[in-house]
Amino acid sequence: MHGAGYESLKHFGLCLSSFNLAPQHFGCKQVDQQMITFLVFLPFLLGFVVIGVYAERKIAGFVQNRLGPTEVGPIGLLQTVADLVKMLQKEDVRPKAIDKPLFLVAPIVIFVSIFAGFAALPLTEGVDGAGFSVGVFYLLAIVSIDVLGVLMAGWGSNNKYSLYGAMRAAAQIVSYEIPLGLSVLCVVMYGQSLDLQQLSIQQGVLSDAPAYFLGVKGWDVSEVGGFLTWNVFTMPVLWVAFLIFFIAGLAESNRVPFDLPESESELIGGYHTEYSGFRWGVFMLSEYAMMLLVSLLAAILFLGGWNTPLPNIGGLQLATYTTGPVWGAFWLAGKGLFLIFLQMMIRWTYPRLRVDQLMNLSWKYLTPAAILLLFIVGIWKLWML
Amino acid sequence: MIELSGFAVVLLFIIGAAGFVVTTMLVGKILRPVRPNEEKNTTYESGEDPVKSAWGVFNIRFYVIALIFLLFETELVFLFPWATVFANEEMNASTDGLWGMFSLVETFIFIGILLLGLVYVWAKGMLDWVKPKPQKSTYRSRIPASAYAHINQKSYEKKQA
Chain A
1 MHGAGYESLK HFGLCLSSFN LAPQHFGCKQ VDQQMITFLV FLPFLLGFVV
51 IGVYAERKIA GFVQNRLGPT EVGPIGLLQT VADLVKMLQK EDVRPKAIDK
101 PLFLVAPIVI FVSIFAGFAA LPLTEGVDGA GFSVGVFYLL AIVSIDVLGV
151 LMAGWGSNNK YSLYGAMRAA AQIVSYEIPL GLSVLCVVMY GQSLDLQQLS
201 IQQGVLSDAP AYFLGVKGWD VSEVGGFLTW NVFTMPVLWV AFLIFFIAGL
251 AESNRVPFDL PESESELIGG YHTEYSGFRW GVFMLSEYAM MLLVSLLAAI
301 LFLGGWNTPL PNIGGLQLAT YTTGPVWGAF WLAGKGLFLI FLQMMIRWTY
351 PRLRVDQLMN LSWKYLTPAA ILLLFIVGIW KLWML
Chain B
386 MIELSGFAVV LLFIIGAAGF VVTTMLVGKI LRPVRPNEEK NTTYESGEDP
436 VKSAWGVFNI RFYVIALIFL LFETELVFLF PWATVFANEE MNASTDGLWG
486 MFSLVETFIF IGILLLGLVY VWAKGMLDWV KPKPQKSTYR SRIPASAYAH
536 INQKSYEKKQ A
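Residue numbers (this note's numbering), protein chains in the order written: chain A, 1 to 385; chain B, 386 to 546.
Hints are computed from structural coordinates only; laboratory data are not their basis. Check each hint, because a few of them may be wrong.
DMTMM-like cross-link-like pairs, simulated, lysine to aspartate or glutamate; straight-line CA separation at most 20 Å [claimed, not checked]:
| id | chain 1 | residue 1 | chain 2 | residue 2 |
| --- | --- | --- | --- | --- |
| 1 | B | Lys437 | B | Glu424 |
| 2 | B | Lys425 | A | Asp99 |
| 3 | A | Lys96 | B | Glu491 |
| 4 | B | Lys437 | B | Glu423 |
| 5 | A | Lys86 | A | Glu71 |
| 6 | A | Lys86 | A | Glu56 |
| 7 | B | Lys516 | A | Asp259 |
| 8 | A | Lys96 | B | Glu430 |
Taking the hints into account, I'd like the entire structure generated from these sequences.
Pasting the structure below:
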């Protein structure tokens with residue numbers, strides 16, 4: 001299982017050995033490797049949305065003590081497929097008052113900007129997508145374009161509900177981008193790299209550098225691997241950063257308890273009120289894509305990325321057995337899906353925030369807390385040198 | 386073998402995503418009906434006929450938030466490259482740790498100034514959104530609460546099947 005992966009890893013190591021931001025390292029990957037992430041992520045995303053919507057309903061049913069979908073297919077498994085087919089057959093209603101170009105392009109802008117974010121994600125060892133040395137930077141930049149799409153949809157619809165929803169969404173996404181960026185910055189300071197693949201390698205047995213459990217010198221666990229070398233365990237302060245990232249991630253993907261932009265009880269559908277049929281479906285697709293992107297990013301930055309959670313215990317080399325290209329993809333997907341499960345449980349457990357609480361949480365709690373974390377991580381990092 | 390740069394892969398993702406959405410919309414075009422009428426194409430406003438266009442003046446608060454965001458985001462842009470080099474081991478070893486200390490203190494001052502800005506807008510009340518002020522009803526029922534006690538405290542036997 002190792003062969004090809006290790007070769008490319010070595011190649012990759014050569015690319016990274018010099019300074020981080022050098023432009024010539026943008027192109028040091030073979031075409032087949034680069035195509036892989038695209039060919040994996042698009043079908044995976046679509047499959048995930050089909051399963052995810054079904055899971056969401058089943059989890060909602062479980063939380064609220066009902067059954068969820070049961071009729072279409074065995075235990076309702078084909079419910080989402082039926083919904084998709086229905087959505088394709090729905091008439092594409094375009095109200096007279098809309099600004100046509102904005103209205104039609106908006107869903108494409110939103111989906112494209114979020115999906116382009118997947119390009120920077122390292123799928124497994126040796127397969128690192130775009131292979132940017134500035135992956136984190138690029139990811140934060142391209143996903144921000146999502147706000148433009150939301151505003152285009154809200155403004156283009158020429159509907160009061162849509163416009164209020166879009167304005168709320170823009171204010172919310174923009175506000176939570178600050179704590180999100182700051183918590184990511186903490187990880188970058190700790191890992192000393194903007195490259196998501198390198199950040200992943202650092203958190204496992206494949207790394208050459210020593211890793212200290214809980215940051216205590218003397219507890220070198222770089223040979224033990226497993227969950228002990230994940231960022232949150234070698235740098236316990238990052239648990240707080242992870243929490244901030246997770247909360248901000250919920251807000252970025254407009255999920256409950258931050259779903260004010262599309263709060264159906266007051267704004268009908270928010271910025272997608274006027275959309276119907278599959279054009280509306282693209283908004284839903286984008287929401288699930290955003291959930292997946294945020295969860296995968298959280299897994300990569302804090303929870304070891306594609307590294308195995310099983311440590312080497314003496315002769316029982318569990319970490320070494322469960323490390324490899326296929327295992328890597330499995331662990332990354334597993335961690336991402338677990339975080340999505342958490343997001344869904346939160347959706348059906350907590351009530352929605354009020355607008356003033358939403359803004360307070362971002363600017364008066366999360367942002368100062370994230371800046372404080374930045375100070376702590378900076379001092380800690382220099383202390384540990 | 387052709388070598389693609391990282392940005393070519395991004396272009397692939399962008400074209401792929403746009404292509405997927407457009408293709409699906411075209412497939413939908415074959416399947417879906419097109420029967421527009423006057424009522425259907427009216428802007429939705431909970432069943433009322435819409436009065437005036439939605440394009441109008443908007444609350445200045447959103448603009449202020451956007452400005453504050455812009456300042457913080459610019460700060461972040463400057464901090465990311467710094468974060469990758471401030472704890473560089475070679476640099477710190479050759480300057481006896483001065484490299485890290487100096488850049489860290491410098492950045493703390495940089496963030497400190499920005500933090501001052503946050504405190505300023507906070508104190509100015511720019512971050513306070515409109516808060517609902519719920520008013521308690523002054524109405525007092527003449528029926529005492531104890532009148533319901535026998536209902537509230539009643540326990541029901543489980544029905545035997």
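Quick rundown of the hints versus the structure:
For the proposed pair Lys437 (chain B) and Glu424 (chain B), the alpha carbon gap of about 17 Å is at most 20 Å, so the pair holds. As the CA atoms of Lys425 (chain B) and Asp99 (chain A) are separated by approximately 17 Å, the hinted pair is consistent with the 20 Å bound. Pair hint Lys96 (chain A) plus Glu491 (chain B) does not hold up; C-alpha atoms about 56 Å apart against a cutoff of 20 Å. The suggested pairing of Lys437 (chain B) with Glu423 (chain B) holds, with an alpha-carbon distance near 17 Å, which does not exceed 20 Å.
Taking the CA atoms of Lys86 (chain A) and Glu71 (chain A), the gap is about 16 Å. The hint holds against a cut of 20 Å. Between Lys86 (chain A) and Glu56 (chain A) the alpha-carbon distance is near 19 Å, which keeps this suggested pair within the 20 Å criterion. In summary, the hint linking Lys516 (chain B) to Asp259 (chain A) is supported, as the alpha carbons are separated by about 18 Å, within the 20 Å threshold. Between the alpha carbons of Lys96 (chain A) and Glu430 (chain B) the distance comes to roughly 14 Å, so the proposed pair stays at or under 20 Å and holds.
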